[in-house]
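Enquirer: The primary structure of each chain is shown beneath.
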Amino acid sequence: MNQSFREAWALLPDYLSQHVILSVSALILGVAISVPLGIVAARSKGIGAPVLGLVSVIQTIPGLALLALFYPLLLALSSLTRDLFGVSFRALGFLPALLALTLYAMLPILRNLVTALNGLDPAILMAAKGVGMTPRQSLYKVELPLAAPQLLAGIRTATVWVVGITTLSTPIGQTSLGNYIFTGLQTENWIFVLFGCVAAAALAMVLDFLLAVAGAALSAGSRPRLALAGIGLIVLIAAALVPGLIHPSVRGVVIGAKNFDEQYILADVMADRLRQAGFAVNQKIDLGSTVALRALAASDIDAYVDYSGTLWGDAMHRTDMPGRQAMLKQLKSWLAQRDGVTLVGSLGFENAYVFAMRADRAKALHIRSLTDIAAHPELVIGGDFEIFSRPEWRRVAAAYGLSTMRRRQYQPDFLYRAVMSGDADLVSAFSSDGRIARYGLTILDDPKGALPPYDAVLLVGPAHAHDKRFLESLRPLVGAIPLSLMQQANLMVDRDQDKRTPGQTAQWLEARIAQDHPQ
Amino acid sequence: MGFHKKLASVPIPKFARFDIGLPTNFGIEGHWQFIDSSVVLVSKFALNLISMADELRNHDTGIPLIEIRDVSKAYPGSGKEGVSGLTLTIRQGEFLVLIGPSGSGKTTTLNMINRLVEPDRGTIRIEGRNVAETDPVQLRRGIGYVFQEAGLFPHMTVAENIAVTPRLLGWDEARIQARIDELLALVRLDSATFRERRPQGLSGGQRQRVALARALAVRPHILLLDEPFGALDPVTREAVAADVRDIHQSLGLTTMMVTHDMTEALLLADRIAVMREGTLVQTGTARELVNHPADSFVAQLIETPRRRAQALAKTLAL
Chain B
77 MNQSFREAWA
87 LLPDYLSQHV
97 ILSVSALILG
107 VAISVPLGIV
117 AARSKGIGAP
127 VLGLVSVIQT
137 IPGLALLALF
147 YPLLLALSSL
157 TRDLFGVSFR
167 ALGFLPALLA
177 LTLYAMLPIL
187 RNLVTALNGL
197 DPAILMAAKG
207 VGMTPRQSLY
217 KVELPLAAPQ
227 LLAGIRTATV
237 WVVGITTLST
247 PIGQTSLGNY
257 IFTGLQTENW
267 IFVLFGCVAA
277 AALAMVLDFL
287 LAVAGAALSA
297 GSRPRLALAG
307 IGLIVLIAAA
317 LVPGLIHPSV
327 RGVVIGAKNF
337 DEQYILADVM
347 ADRLRQAGFA
357 VNQKIDLGST
367 VALRALAASD
377 IDAYVDYSGT
387 LWGDAMHRTD
397 MPGRQAMLKQ
407 LKSWLAQRDG
417 VTLVGSLGFE
427 NAYVFAMRAD
437 RAKALHIRSL
447 TDIAAHPELV
457 IGGDFEIFSR
467 PEWRRVAAAY
477 GLSTMRRRQY
487 QPDFLYRAVM
497 SGDADLVSAF
507 SSDGRIARYG
517 LTILDDPKGA
527 LPPYDAVLLV
537 GPAHAHDKRF
547 LESLRPLVGA
557 IPLSLMQQAN
567 LMVDRDQDKR
577 TPGQTAQWLE
587 ARIAQDHPQ
Chain U
62 MGFHKKLASV
72 PIPKFARFDI
82 GLPTNFGIEG
92 HWQFIDSSVV
102 LVSKFALNLI
112 SMADELRNHD
122 TGIPLIEIRD
132 VSKAYPGSGK
142 EGVSGLTLTI
152 RQGEFLVLIG
162 PSGSGKTTTL
172 NMINRLVEPD
182 RGTIRIEGRN
192 VAETDPVQLR
202 RGIGYVFQEA
212 GLFPHMTVAE
222 NIAVTPRLLG
232 WDEARIQARI
242 DELLALVRLD
252 SATFRERRPQ
262 GLSGGQRQRV
272 ALARALAVRP
282 HILLLDEPFG
292 ALDPVTREAV
302 AADVRDIHQS
312 LGLTTMMVTH
322 DMTEALLLAD
332 RIAVMREGTL
342 VQTGTARELV
352 NHPADSFVAQ
362 LIETPRRRAQ
372 ALAKTLAL
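Quick note, the sequences are listed as chains B and U, same order. Going by our numbering, the first residue of the first sequence is number 77, and it counts up by one from there. Going by our numbering, the first residue of the second sequence is number 62, and it counts up by one from there.
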């Protein structure tokens, strides 16, 4: 408990700093776009109505989806500019997050400004014209100053929204206070989740307060108070920039990880090994499943662990099943050819899709394999967010006649709770998950072989394809992690008692590997 | 103060000081005295106005300054007051009052002079130049305009409001500051007290005085006033009106004012132009209007203050 808190506290400067930089940049950009756009929109109904409509629609797109959409969009754009001008840019992390958040910041600013400008007393506008102001002078000397309080209120709303939604930029590779929340949810570390929420809320409140002070000072015409608020904002932003200045961010090599415990642990193991080999190492964790390979191909990250079945279905779009070794071989040459990605080897364990039931329930219903499920149409299946839209499920459903089965979706960590509480009768699970053994779940057999193999494979990006020192420091991991070892490691992070962090578990795992494979 | 000096030589002189009570700072007692005396004076004034009205118009040089020729403006379907086929000449130094019921096109006529409204048809010339061919912004900077209910900018102080047009014209700051003091003195507001106040901290009369100062900031020759006293209480109204007339006189302005109050028109105007439903019904001095009203509408309009004054005189047993 205290340990988690200390760990969270130690991460705060980095997370907060990145969060502030991203939020404030998005807000500044949002204001810079919305104010001129708002002025145009207020003057012309023909522009105003569609612009406001469009921005309102954007607002209804869920934050996570909007952020995620910008990644492939920028990736396509980046490869286009590379082909056209020989210039490419990083499509992961800051840029897509910045653009999505800017869009979010725009609505309240734009709407308040347009409302304020349209609501100005016509007599005052007439007076501005009457004293000999040009339309531009009227705008700058009369209309904008009078609309300023409402504009500022819009900026305050945008600030609170943006600071909150910035937490969602974690899955597209941008560090933020959301890292606490996403990692905390994965590892069931509620201190982390709470810490992230409180930190984001506190940041939103402080920024809102400073803007409120600035607003009050503005309408009272009080220079000293305005200066005070300005100094407050500058100090806050400067403080956020300090960690970056003290530890200038050497990009070094970047290890990627998807958003679950096993990936965090393996990323830490890889990072440790690379550090020992003298590399400066950074990590990008909580990447979306399909984002990771694209990020590797684009050299946004340099190495990560993926699974053969996932790559086979999601990246190659293959549905045939040539067998484990043939699959690995074809994957290797396909990855090298298409993306310049090196498949270094499999780590020794499989993290396969399996379907699991509570042992007592399986026994009572006489269910041993997936074949037995069809006889019980009353059963409810629980899955994570992706399983039901994946080819694996389609094949299982087709092979065992389960396509009409009632389904429920859960955040992966709640799957086990769902099956234990009886909310779902069987759930999708991962074979390397330590909780299968811990909860005493029965894994259902797949006699028709509908599920592909999911060997954990080590992938290295094009930049290090021929980097001997890099490859050699990771190669000892190949074949070094049997399933039972990975299950134990995963359980150490997942369990409620004597819970370990992924970092601690990585050290434990490395020690075990060294023990089993003395060099 | 030409106006006052002039009054000294007029047969019934003293009444013209209808601002006897100081415009500000008089006690309750003084207040009532003021109202009593002003009622008496106004009554007398109205009754005897005709005999002196001609005498007052010495500033009128007879030279046409603003010529409105066959001007029309329509607002189809909007309910806003339009104007049709209006022809009217305002002479240099003249104080002309446009009067008529609401919706008769007075304000539209006024606004066409500095092109706040563009006519559909007809021409307006100032000093012989067609305003349609001038730059509207420069035109407006050169004409003083006092808006209905002042039209002061609420986010600016009194000083900033007054300085608007000088700043637009790029005057240097020392000249602007000196001019602000000068103008506040002209409209009889204490500079130290009012300079830094915002419009919402002023009374209605004070606001109109500031608006007047703003309108006069760059020494225009023409002053346009759109129902400037409409929102003021009667006491303040007369005090401010007297100052407007004084300033018109002392600065040698050509002034055009819109009102729907005939008493006000009689008190201030050298010449009155009566409008109804967008057309000009009659123009003339107060005497001409009283003696030869063009129709029953004008007669009725001009009769109202006289009737009121007579009723008052009776009540007060004068």
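Bear in mind the hints are in silico, worked out from the structure with no lab data behind them. None of these values were measured; they are calculated from a predicted model. Take the hints with a grain of salt, since some may be wrong.
Said to hold, decoys possible - Calculated cross-link-like contacts (lysine to any residue; reagent style SDA-like; alpha-carbon spacing at most 25 Å):
{"no.": "1", "chain 1": "B", "residue 1": "LYS524", "chain 2": "B", "residue 2": "GLU454"}
{"no.": "2", "chain 1": "B", "residue 1": "LYS121", "chain 2": "U", "residue 2": "GLU188"}
{"no.": "3", "chain 1": "B", "residue 1": "LYS544", "chain 2": "B", "residue 2": "PRO398"}
{"no.": "4", "chain 1": "B", "residue 1": "LYS408", "chain 2": "B", "residue 2": "PRO398"}
{"no.": "5", "chain 1": "B", "residue 1": "LYS121", "chain 2": "U", "residue 2": "ALA135"}
{"no.": "6", "chain 1": "B", "residue 1": "LYS121", "chain 2": "B", "residue 2": "GLY195"}
As the list claims (entries may be wrong) - Okay, the calculated bits of chain B under chain U, using three or more residues with CB under 8 Å as the criterion:
{"no.": "7", "segment": "195-202"}
{"no.": "8", "segment": "215-226"}
Said to hold, decoys possible - Over the 10 Å line for every Cβ pair with chain B, so calculated as not near, a few chain U residues:
{"no.": "9", "residue": "SER139"}
{"no.": "10", "residue": "LEU149"}
{"no.": "11", "residue": "ARG190"}
{"no.": "12", "residue": "GLY203"}
{"no.": "13", "residue": "GLY212"}
{"no.": "14", "residue": "PHE214"}
{"no.": "15", "residue": "PRO215"}
{"no.": "16", "residue": "THR254"}
{"no.": "17", "residue": "THR297"}
Even glycine gets a Cβ: it sits at the ideal position worked out from N, Cα and C.
Enquirer: Is U/SER139 truly not at the interface, in the sense that its beta carbon sits beyond 10 Å from all beta carbons of chain B?
Expert: holds (13 Å)
Enquirer: Would the least Cβ to Cβ distance between U/PRO215 and chain B come out above 10 Å?
Expert: violated (7 Å)
Enquirer: Between the alpha carbons of B/LYS408 and B/PRO398, is the straight-line distance 25 Å or under?
Expert: Distance ~14 Å between B/LYS408 and B/PRO398 Cα, so the pair holds.
Enquirer: Evaluate the condition: distance from the CB of U/THR254 to the nearest CB of chain B exceeds 10 Å.
Expert: Fine: 18 Å to the nearest Cβ keeps U/THR254 off the interface.
Enquirer: With the threshold set at 25 Å, check whether the alpha-carbon distance from B/LYS544 to B/PRO398 stays at or below it.
Expert: Distance ~32 Å between B/LYS544 and B/PRO398 Cα, so the pair is violated.
Enquirer: Sort out whether U/ALA135 lies within 25 Å of B/LYS121, counting only the CA atoms.
Expert: holds (24 Å)
Enquirer: Evaluate the condition: distance from the CB of U/THR297 to the nearest CB of chain B exceeds 10 Å.
Expert: holds (20 Å)
Enquirer: Just to be careful, I want the Cα atoms of B/LYS121 and B/GLY195 compared with a cutoff of 25 Å; is the pair within it?
Expert: Satisfied, since the Cα-Cα distance of roughly 14 Å is no more than 25 Å.
Enquirer: Compute the least Cβ-Cβ separation between U/PHE214 and chain B, then decide whether it is above 10 Å.
Expert: violated (6 Å)
Enquirer: Determine whether the non-interface label on U/ARG190 survives the test: each CB of chain B must be over 10 Å from its CB.
Expert: Holds, because the least Cβ-Cβ distance between U/ARG190 and chain B comes to about 17 Å, which exceeds 10 Å.
Enquirer: Three residues minimum, CB to CB under 8 Å: does the segment 195-202 of chain B make the cut for coverage by chain U? Let me know.
Expert: Per the Cβ count (3), the hint holds.
Enquirer: May I ask you to check that U/LEU149 keeps its beta-carbon over 10 Å from the closest beta-carbon of chain B?
Expert: Non-interface label on U/LEU149 holds, nearest chain B Cβ at 21 Å vs cutoff 10 Å.
Hint compliance for this structure: hints 2, 3, 12, 13, 14 and 15 are not met, and every other hint is.
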